[in-house]
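**Student:** Residues per chain are reported as follows:
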Amino acid sequence: MSNSDRLMALIAVGILLSAGYFLLDDPSDQPWTPDEEKTLESLWIGNLSQPPIDSSNAVATNINAAKLGHKLFFDPRLSVNGLVSCAICHQPSRHFSDGMAKGFAIGEAQRNTPSIVGTAYSPWFYWDGRKDSLWAQALAPLEHEDEHGGNRMAYIHFISGDEVYRPMYQELFGDLPDISDPVRFPANAAPGDNPEWNKAWQAMAAADQESITRAFTNLGKSIAAYEMLLVPQPSRFDHYVETELINDASTQESLFSPNEKMGLRLFIGKAGCINCHNGPLLTNNEFHNTGLVNSAGEIPDKGRVEGERLVRADPFNCAGRYSDSAVNDCAELRFMRSGVDLIGAMRTPSLRNLEGTAPYMHKGQMKQLSEVLDHYNRAPEAMIGHNEAEPLGLNDLELRQLEDFLNTLNGPVLTPIL
Amino acid sequence: MTLAFYFRDRGLLLLWLPVYFTLSHAALGQPVGAGDIAFQSTVAGHYEVRFDSQPKPIVINQIQSWVMSVRTGDGLCVKGAEITVVGGMPEHNHGFPTAPLVRPGANDCEYLVEGLRFHMSGRWEMSFNIKAGAKTDTLMVSLDL
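From first to last, the protein sequence lines stand for chains A and B. Going by this note's numbering, the first sequence opens with residue 1, and the numbers climb by one from there. Going by this note's numbering, the second sequence opens with residue 1, and the numbers climb by one from there.
No wet-lab data here; the hints were simulated from the structure. Quick reminder that beta carbons are idealized off the backbone N, C-alpha and C, glycines included. Check before you lean on any hint, since a few could be wrong.
Said to hold, decoys possible - Calculated pairs, SDA-like style, for lysine to any residue (alpha carbon to alpha carbon, straight line, at most 20 Å):
#, chain 1, residue 1, chain 2, residue 2
1, A, Lys199, A, Val80
2, A, Lys67, A, Ile417
3, A, Lys38, B, Val59
4, A, Lys270, B, Met89
To be verified - Computed far set for chain A versus chain B, every beta-carbon distance over 10 Å:
#, residue
5, Glu37
6, Arg94
7, Val183
8, Asn259
9, Lys270
10, Gly297
11, Arg312
12, Ala326
13, Asn395
All chains, full assembly: derive it from the sequences and hints.
**Tutor:** Structure below.
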């Protein structure tokens, strides 16, 4: 053996020894305690039941409504220019998001387009929760000038005149209003920002406004029935939890790398992510201020304080007359809270399928998960309101481990068969 | 993993067992878990309160109502009480995510606590203010979810 060989051998032994030392102390190799196992199970997709039934929507679980809603969701004729469907922003291949910082159709939306997979489990919709049902939500983009840009009167003309839609609608909701009189029912009319359409709308009889609005809400209720079917699919993490529940240690070891396991440990422990990202969707669907900076050139987003005001005033809310609920059913709305801590608070998003839903956060402020984690690690003071999160003091390895764990939460895209 | 680890863990476990039992006994009657919050007395001892949560065990992220029955120490129904509830998570420095209300329930003893929701696991502290006639008393409930 030459001297250099001997040196190499020594170094090799040294490396092996220290690797052994680290392995010995490697907490990623510790088995999960019964409490930790319970926590893992609480995040498991197997614990996801059917979405709660929306009592404000009588057709929420009607399969024919879902069929109609499915068609409407993908139909660009439901727009002022014939080019915009819900699916251009909520693209199935991207888990129903669009890959852009902010949604864009006719104009730019105010915020990032969220994935709508699993959203049916939330009591609130939009980042600020300004809608309390999927059907009420669906009506908004249809009439928003930056999104579909149309108006309810035009949509009802379109449905009435379409050989496919008309019978589908009538089978579910009964006759469409008779809109053959062009004086009573102009081509375009809707309350709102478009002065011409608004004027036409104000000129309509109250009963006619009512029948058109009701038919319009039925379109929303059908789209909602389709969205109820957009549920997440199992990820590698879910298989991992299954092996824990059946004590299959050898399969378990092959499913997660030591770093992924450490990331999971951090997620449910020291990093405190699970406080807000809990349950099988990894969200509590509540509102939290996490101290994000606003988009360049914009005033900071008020978030839930504004959303709370808007949903209370919304004619399409659960307590309104287009809702199929008895007012007493509207617990979320009745016991809704306001408060200064909701300034700048946004609804916690699900952490499933992050791979396909970048950029992240309510304005798409962050392109990569590493930026998100760096943000949590620093927990900067909020520009508006107060950041609930505290600095974490994680090192670079730990941040990478958390990121590795988040990447185990990706599952296939579901396209329901209808 | 290694044998060394296995034994070290075992050793630790044995060491901790007596400590664990002492602690868990000392803690008895203090915070309650997700399973049961059946019976409690108010701070000044004016009232005894029994809860029936819906759903049971208590879950996170779901709006829920509890039935609360309020009696005096000698078992009489406390009728027409005005009850308010506040609460939150002192550890996280936030309150309830909802604004729950208490209203009269199915009979003279019963009240309905509506609009409760817990959006995180961990320690929740709740305080019920119970005012019936001239007697006002407070019930503190700690929950570990």
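**Student:** Okay, which hints does this one fail, numbers in order?
**Tutor:** none
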